[in-house]
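**Q** Okay, here's what each chain looks like letter by letter:
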Amino acid sequence: MPRKILIIDDEDDIREVAALSLESIAGWEVVTASSGAQGLARAIEHRPDAILLDVMMPGMDGPTTFRELRKNPATDKIPVLLLTAKVQSSDQRRFADLGVESVLFKPFDPLTLADQISAVLGWN
Amino acid sequence: MTSTPQPAGSAASNLAAALDQLWTRFLPEIRNRVDLLDAAATACAANKLSTEQRDAAQAAAHKLAGTLGTFSLDRGTDLAREFELALASEDTPCLAVANRLAELAAELRSIVDSRKDGASPVARADSEMV
Chain A
21 MPRKILIIDD
31 EDDIREVAAL
41 SLESIAGWEV
51 VTASSGAQGL
61 ARAIEHRPDA
71 ILLDVMMPGM
81 DGPTTFRELR
91 KNPATDKIPV
101 LLLTAKVQSS
111 DQRRFADLGV
121 ESVLFKPFDP
131 LTLADQISAV
141 LGWN
Chain F
178 MTSTPQPAGS
188 AASNLAAALD
198 QLWTRFLPEI
208 RNRVDLLDAA
218 ATACAANKLS
228 TEQRDAAQAA
238 AHKLAGTLGT
248 FSLDRGTDLA
258 REFELALASE
268 DTPCLAVANR
278 LAELAAELRS
288 IVDSRKDGAS
298 PVARADSEMV
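In order, the protein sequences belong to chains A and F.
Residues in the first sequence are numbered consecutively from 21, following this note's numbering.
Residues in the second sequence are numbered consecutively from 178, following this note's numbering.
Honestly, I wouldn't trust all of these hints.
[Stated by the list, open to error] A few chain A residues that face chain F, going by a derived Cβ cut-off under 7 Å, partial list only: (1) E31; (2) E36; (3) V37; (4) L40; (5) E43; (6) S44; (7) A105; (8) K126; (9) P127.
[Said to hold, decoys possible] Derived DEER-like restraints, expressed as beta-carbon distance ranges: (10) F:P270 x A:L141: 42 to 48 Å; (11) F:E229 x A:G47: 40 to 46 Å; (12) F:S291 x A:R90: 29 to 35 Å; (13) A:V107 x F:T201: 25 to 31 Å; (14) A:D129 x F:Q198: 16 to 22 Å; (15) F:S187 x A:P99: 41 to 47 Å; (16) A:S122 x F:Q198: 25 to 31 Å; (17) F:S187 x A:N92: 17 to 23 Å.
Quick caveat, the hints were computed from the structure, so don't treat them as lab data.
Idealized CB from N, CA, C, for every residue including glycine.
Go ahead and model the full structure; you've got the sequences and the hints to work with.
**A** Structure representation (structure tokens):
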């Protein structure tokens, strides 16, 4: 069974490149959502093996979405990796303190994104 | 357990081609973001940058920083990040950075316009393997 990943990002280009990368390089099944609210619903519906979650989104941002995922017994065990273009160390510390599995940075390399996720989650 | 296959042969080539197609599809949006930076730089030089325009330009620069490197335009990511940070401090007078913002926007436009199909990292990796 291929891994199933949920990508939550409001930016169409990033969402589609990440999906393309994970599908074509790793052969994973990818589900996408363009907002935090939609992401919560998709997570409950699809029960992915991991979630790639954008930080800066209008409405429900990444940290808020993460906290909602953790409140729900249906999604509270799903590993979450934050995806952010923020590079300032104060931001990085703040994100790491949330309790996510890892923080990945934009821009990412489409060739190695799956390897990065696998390494963090011990899937290799 | 699912192992991650190494990109090779047709899978890598297909990814490169698909990335180029995505670039073409999203190019209008990417250009719109550069337009926002241009407009903000112009407004800054005239000391007429509104809070809304500053926020919009910062958001556009942030998105460009995240996107361009993914399409192997690493220099574009650096420039967009510099633009975002230049607008981040409201204590910095706009006029003080106006010239630099204009330079950054101009170079970003040039980089975006110059990206050719086949510039994806996959295509580069393929050519390096030959």
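**Q** Evaluate each hint against the coordinates.
**A** Structure-based check of all given hints:
Interface hint status for A:E31: upheld, as the beta-carbon distance to the closest one in chain F is roughly 6 Å, under 7 Å. Proximity of A:E36 to chain F holds as hinted, the smallest CB-CB distance being about 6 Å (cut-off 7 Å). Checking A:V37 against chain F: minimum C-beta separation of about 5 Å stays under 7 Å; hint holds. Taken as an interface hint, A:L40 checks out: its beta carbon lies about 5 Å from the nearest beta carbon of chain F, inside 7 Å.
The beta carbon of A:E43 comes no nearer than 9 Å to any beta carbon in chain F, farther than 7 Å, and the hint placing it at the interface is violated. At its closest, the beta carbon of A:S44 sits 5 Å from a beta carbon of chain F; the interface hint therefore holds under the 7 Å criterion. Here the hint on A:A105 is kept, as its CB sits about 4 Å from the closest CB of chain F, short of 7 Å. The interface hint given for A:K126 holds, since its Cβ lies 3 Å from the closest Cβ of chain F, which is under the 7 Å cut-off.
For A:P127, the interface hint holds, since its Cβ comes within 7 Å of a Cβ in chain F; the closest pair sits about 3 Å apart. Our hint of 42 to 48 Å for F:P270 and A:L141 holds, since their Cβ atoms are close to 47 Å apart. At about 44 Å, the beta-carbon gap between F:E229 and A:G47 stays in the expected band of 40 to 46 Å. Between F:S291 and A:R90 the beta carbon distance is about 44 Å. The supplied range of 29 to 35 Å is therefore violated.
Between A:V107 and F:T201 the beta carbon distance is about 28 Å. The supplied range of 25 to 31 Å therefore holds. For the pair A:D129 and F:Q198, the supplied restraint of 16 to 22 Å holds, since their beta-carbon distance comes to about 18 Å. Distance hint for F:S187 and A:P99: a CB-CB separation of about 31 Å, inconsistent with the stated range 41 to 47 Å. A C-beta distance of roughly 30 Å is found between A:S122 and F:Q198, which places it inside the suggested range of 25 to 31 Å.
In this structure the hint that F:S187 and A:N92 lie 17 to 23 Å apart at CB is violated, the actual value being about 41 Å.
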